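Asks: Please construct the entire structure, taking both the sequences and the accompanying hints into account.
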Amino acid sequence: MVRGEIFSTPPKTQEKEDTMSTRRGFIVIFVFTLALTLFLFPPTQNNQALAGDLVPGMVDTTHYKKKAPWLAGRAGLGDTNAWMTMFGLHFRYGIEEKYAKDFKGFKVTSSFWNPIKQIADIEQLVAQGVDILFVDPASEGALVGAVEEVYEMGIPVVLVSTGVNTDKYTTWVSRDNIKAGFVYAKWMGKKLNGKGNVVVLMGMAGSSYAEDVLRGVKQGLSAHPDIKILEVAYCDWSPVKAKETMEVFIQSNPQIDGIIADGGQMAYGAVEALLDAGKKIPPITADDWNGWLRMAKKHDIDFIAESGGNPLSLTSVDLAVKILRGEPVPKIVEYPVVTFEKDKLDQYYRPDLTDQYFAVHQLPEAWIKKHYAK
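Residue 276 in my numbering sits at position 276 of the sequence shown, and the numbers go up by one each step.
The hints are simulated quantities; they were obtained by calculation from the structure and are not laboratory data. All values reported here derive from a predicted model rather than from experimental measurement. Just so you know, even glycine gets a beta-carbon here, dropped at the ideal spot from N, CA and C. There may be inaccurate statements among the hints.
[To be verified] DEER-style ranges, computed between Cβ atoms:
id, residue 1, residue 2, range
1, Ala-127, His-371, 28 to 34 Å
2, Asp-79, Gly-145, 22 to 28 Å
3, Ala-127, Thr-62, 24 to 30 Å
4, Val-144, Lys-297, 41 to 47 Å
5, Gly-194, Gln-251, 24 to 30 Å
6, Asp-79, Leu-275, 25 to 31 Å
[To be verified] In silico lysine to aspartate or glutamate, DMTMM-like type, Cα no more than 20 Å apart, as pairs:
id, residue 1, residue 2
7, Lys-98, Asp-131
8, Lys-297, Asp-276
9, Lys-190, Asp-257
10, Lys-297, Asp-318
11, Lys-298, Asp-346
12, Lys-190, Asp-302
13, Lys-101, Glu-149
14, Lys-168, Glu-140
15, Lys-243, Asp-226
16, Lys-279, Asp-302
17, Lys-243, Asp-257
18, Lys-107, Asp-131
19, Lys-67, Asp-131
20, Lys-241, Glu-272
21, Lys-344, Asp-276
22, Lys-298, Asp-318
23, Lys-117, Glu-149
24, Lys-243, Asp-212
25, Lys-65, Glu-152
26, Lys-186, Asp-346
Replies: Here it is in structure tokens:
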């Protein structure tokens, strides 16, 4: 799963982190406000400006400029879970509605986390003549050659969420996932007063996203030497796997004081296991998945939610339009970590919508009702 940084349509307020990490030598700070469209860099007065005239960290795209309408392609991972489905909807909204006059088509492939298939998908999309290529990578390493080849062909490449181990791409939109894990740990340290036992539920084993979040968790907990990580498990963002895993953890660990779950679906499964075992629900981390918010409200759970940032994909479309218009774009766009706790739950939870809805998004209400109304 790719997660990442953000606006929220329902709530009126959000807590924001004021600092962002430096990644690969670039710092790109975006100001996010509620009730406004995501701010992107304004068009330059001289689109023919040389790269040397640009602000550091900005990319000259004048050589990509071409007349609309354009054909876009996405070498994606597929709608493998609820988060990925809304991630895909943000792509579609951007191309099919927000910039409908600028695009003549949108070709999408799904690799289902198989990098070999994704490489073939990239080759297929290039052969179909796409003007710009979006990639939400299945692997940081395996896709290097494919991404570099497309870039060297003169086709702009927009990486979305996970990166690739090369600088031969046009722009990369991501969230600071290490910081996301750090925020989980910082909150847990505060809730446990710096002492206790925790278990950790991460997404997909081997994914750079999950490893970055886990790295952040460990960094954050290093400030609390009296907090012990009892177990770490990878549950693929599945409530079923998380429940099964938590059942084992409960059997082998009589005292669990906190649960760090990287996502609401895994938090949901963990709580189901605790309820079945008649255990008290400790402080737990999660995200803005509506099913989790429903459970948290029902059981009055103490939690922190971090948005995984599925509007990343809409931002990537915004950037794609700028690129094909020949306007400068940032090399890296990094979203801040956005959080809320139980005291803000009613501002985010939508009882009128299905569990598969995510509260933090940039979709029009008409799209939300079409895809998530009960």
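Asks: Each hint: holds or not?
Replies: Quick rundown of the hints versus the structure:
no., hint, verdict
1, Ala-127 x His-371: 28 to 34 Å, "holds, 31 Å"
2, Asp-79 x Gly-145: 22 to 28 Å, "holds, 27 Å"
3, Ala-127 x Thr-62: 24 to 30 Å, "holds, 26 Å"
4, Val-144 x Lys-297: 41 to 47 Å, "holds, 45 Å"
5, Gly-194 x Gln-251: 24 to 30 Å, "holds, 27 Å"
6, Asp-79 x Leu-275: 25 to 31 Å, "holds, 29 Å"
7, Lys-98 x Asp-131, "holds, 18 Å"
8, Lys-297 x Asp-276, "holds, 18 Å"
9, Lys-190 x Asp-257, "holds, 12 Å"
10, Lys-297 x Asp-318, "violated, 35 Å"
11, Lys-298 x Asp-346, "holds, 12 Å"
12, Lys-190 x Asp-302, "holds, 12 Å"
13, Lys-101 x Glu-149, "violated, 29 Å"
14, Lys-168 x Glu-140, "holds, 13 Å"
15, Lys-243 x Asp-226, "violated, 27 Å"
16, Lys-279 x Asp-302, "holds, 15 Å"
17, Lys-243 x Asp-257, "holds, 17 Å"
18, Lys-107 x Asp-131, "holds, 11 Å"
19, Lys-67 x Asp-131, "holds, 10 Å"
20, Lys-241 x Glu-272, "holds, 11 Å"
21, Lys-344 x Asp-276, "violated, 27 Å"
22, Lys-298 x Asp-318, "violated, 38 Å"
23, Lys-117 x Glu-149, "holds, 16 Å"
24, Lys-243 x Asp-212, "violated, 23 Å"
25, Lys-65 x Glu-152, "holds, 16 Å"
26, Lys-186 x Asp-346, "violated, 24 Å"
When the structure is compared with the earlier hints, violations turn up for hints 10, 13, 15, 21, 22, 24 and 26 and for no others.
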